[in-house]
Amino acid sequence: MKILVPIKRVVDYNVKVRPLSDNSNVDLNNVKMAVNPFCEIALEEAVRLKEAGKASEVIAVSVGKSESQEQLRTALALGADRAILIETDSLLEPLAIAKVLQKLVDDEKPDLIILGKQAIDGDNNQTGQMLGALLDYPQATNASEIELEDSSVKVTREIDGGLQTLELTIPAIITTDLRLNEPRYASLPNIMKAKKKELNVIPANDMGVDINSRTELLSVELPPSREAGVMVENIDELVDKLKNEAKVIQ
Amino acid sequence: MSILVIAEHDNVSLKGSTLNTVTAANSLSGDVTVLIAGTNVDAVVSEAQSLDGVAKILKCDSETYANSIAEDLSSLILSNCDGYTHILAPATTFGKNLMPRIAAKLDSQQVSDIISVESDDTFKRPIYAGSCIATVKSNDSVKVITVRSTAFDPVNKGNSGIEVLDISDQGSSGICKFVGEELAQSDRPELTAANIIISGGRGMQSGDNFHLLDSIADKLGAAVGASRAAVDAGFVPNDYQVGQTGKIVAPDLYIAVGISGAIQHLAGMKDSKVIVAINKDEDAPIFQVSDYGLVADLFSALPELDSAL
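Chains as they are written, first to last, in our numbering: chain A, 1 to 250; chain B, 1 to 309.
Everything labelled a hint here was simulated from the structure, so no lab data went into it. Remember, it's a predicted structure, so these values are computed and weren't measured experimentally. Accuracy of the hints is not assured; some may be wrong.
Pair by pair, the computed Cβ-Cβ distance ranges are [stated by the list, open to error]:
| no. | chain 1 | residue 1 | chain 2 | residue 2 | range |
| --- | --- | --- | --- | --- | --- |
| 1 | B | S160 | A | G162 | 26 to 36 Å |
| 2 | A | L91 | B | S116 | 15 to 25 Å |
| 3 | A | N30 | B | K157 | 51 to 61 Å |
| 4 | A | S213 | B | E63 | 55 to 65 Å |
| 5 | A | D236 | B | V164 | 36 to 46 Å |
| 6 | A | V239 | B | G180 | 40 to 50 Å |
| 7 | B | G30 | A | L218 | 18 to 28 Å |
| 8 | A | V239 | B | N156 | 30 to 40 Å |
| 9 | B | S46 | A | N30 | 36 to 46 Å |
| 10 | A | D12 | B | V164 | 32 to 42 Å |
We treat Cβ as the ideally placed atom computed from N, Cα and C, and that holds for glycine.
Generate coordinates for the entire structure from the input sequences, incorporating the hints supplied.
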């Protein structure tokens, strides 16, 4: 069984981004970049399935700038067998990424595609579902547990109010929630070994799909700011202020 | 212009998030139609018939849609969405799961989690965990949109007898089977609908200590939430989680107990009207957004708060 894991290079989750001074976009100059945390979880799950003898090959793929090779090397150090970069200088929208991935799926024919449920930059939560629709594959989003059988996969998903379990026919698409697993760290020997693994670069323009933007980013602004309020000395003062000043409790 | 809203419901009543989504739909120009698919949905349909601003209801009563399986529901919607310029659903796990499948089939780039409607093609939405607000113009002929429910008021129910049109079952794709579900039982209000929320973080130290929040929550009629740290540590189930990757809430009063205030948590609660922080670390970032802050050990402060109420 072959597993494809799309991963995205994003701003490190600890960085607080700000708009550029002309409000045309977010300021990403000299900002620390990393693998999107949900993608790390997706990769970890694929590697675990391989280690359990249920998968034969794990392929990491990224769609983006040449620098995304760094994140693909990280993926290789974490256990992916080979990597593919679909290179483009423009920032693709989820629909374009899904179309590019659809092409790749046609070539690679993976049995399972595991993605993060959302990237922490765009916060779209769309790519996995869009890819599912384009391929007519079943999907299980927000997965917190995966049980792989020969021709099907049982997935427990996190939904509002609790958990839901679905059974999908393979080939299938899964997107990961945070609680699926705890991703490992790459060891130094594995980082060295990753340098020798295969990493193919394909220009996105060669994929023959329309990757033009459908939306225009008109502006990026800071949200209305919240001022720090007052510090209270004790619980009695707090309760008094909530009752008589803020009037939010009776 | 013609707008279709996909209703989220539990086959018994409309989810609150649907009422907020209809308000967002009403701020677009055009007639609003609400699509309700599920099993034994008569009660849901008659509730929807009272929603202000709604012109028509499309109804499909079938076992196929009992559990809102995205593969099946999207094919029903796709075969009934001709002529609509906007398709909206709440940005809950229901809408997030379903809508991108519809958008991809319509070759439309979805606009997720909108917090305001600027015009029929321009919307505001938070990006980077709410650190920035993007204004986005969609150039697709059909706009597929999910709506952040805390950013819109629920629609009024003053209407009556809105026309209902039956639409036909499209059958199941058969590639995705519902196996079962496990819903958390609680007498308290739902997190996203609560006027008051009290949340615990890593500082709670264990799941047992969450009972310190329970009786305060009961006295205030509040819902109990948690930070991702508390959920990841296994203190409480994951549907308690407030944050970028959990639930987005905006209650009148949010009480954060033993929560440091990481970006990912703030993204889920910083639009609350009044924020209270109780933390023993006076440098905790949560104090930079709280209206009232108390530096105290929560294990003494919570029992005091309980008895003061």
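Satisfaction of the hinted span 26 to 36 Å by the C-beta atoms belonging to S160 (chain B) and G162 (chain A)
Given a distance of about 34 Å, which is inside 26 to 36 Å, the answer is holds.
Does 18 to 28 Å hold as the CB distance between G30 (chain B) and L218 (chain A), or does it fail?
holds, 22 Å
Mind checking the hinted window 36 to 46 Å against the Cβ distance between D236 (chain A) and V164 (chain B)?
violated, 56 Å
Is the hinted range of 32 to 42 Å satisfied by the C-beta distance from D12 (chain A) to V164 (chain B)?
Hint violated: Cβ distance 51 Å, outside 32 to 42 Å.
Distance restraint hint 51 to 61 Å, applied to the beta-carbon atoms of N30 (chain A) and K157 (chain B)
For K157 (chain B) against N30 (chain A), whose Cβ atoms are near 52 Å apart, the range 51 to 61 Å holds.
Do L91 (chain A) and S116 (chain B) keep their Cβ atoms within the hinted range of 15 to 25 Å?
holds, 23 Å
Is the gap between the beta carbons of S213 (chain A) and E63 (chain B) within 55 to 65 Å?
violated, 41 Å
Cβ distance range 36 to 46 Å for S46 (chain B) and N30 (chain A), holds or violated
violated, 58 Å
State, for the Cβ atoms of V239 (chain A) and N156 (chain B), whether the hinted interval 30 to 40 Å holds or is violated.
Given a distance of about 34 Å, which is inside 30 to 40 Å, the answer is holds.
Assuming the hint says 40 to 50 Å, is it satisfied by the Cβ distance from V239 (chain A) to G180 (chain B) or not?
holds, 44 Å
Consistency note: the structure conflicts with the earlier hints numbered 4, 5, 9 and 10.
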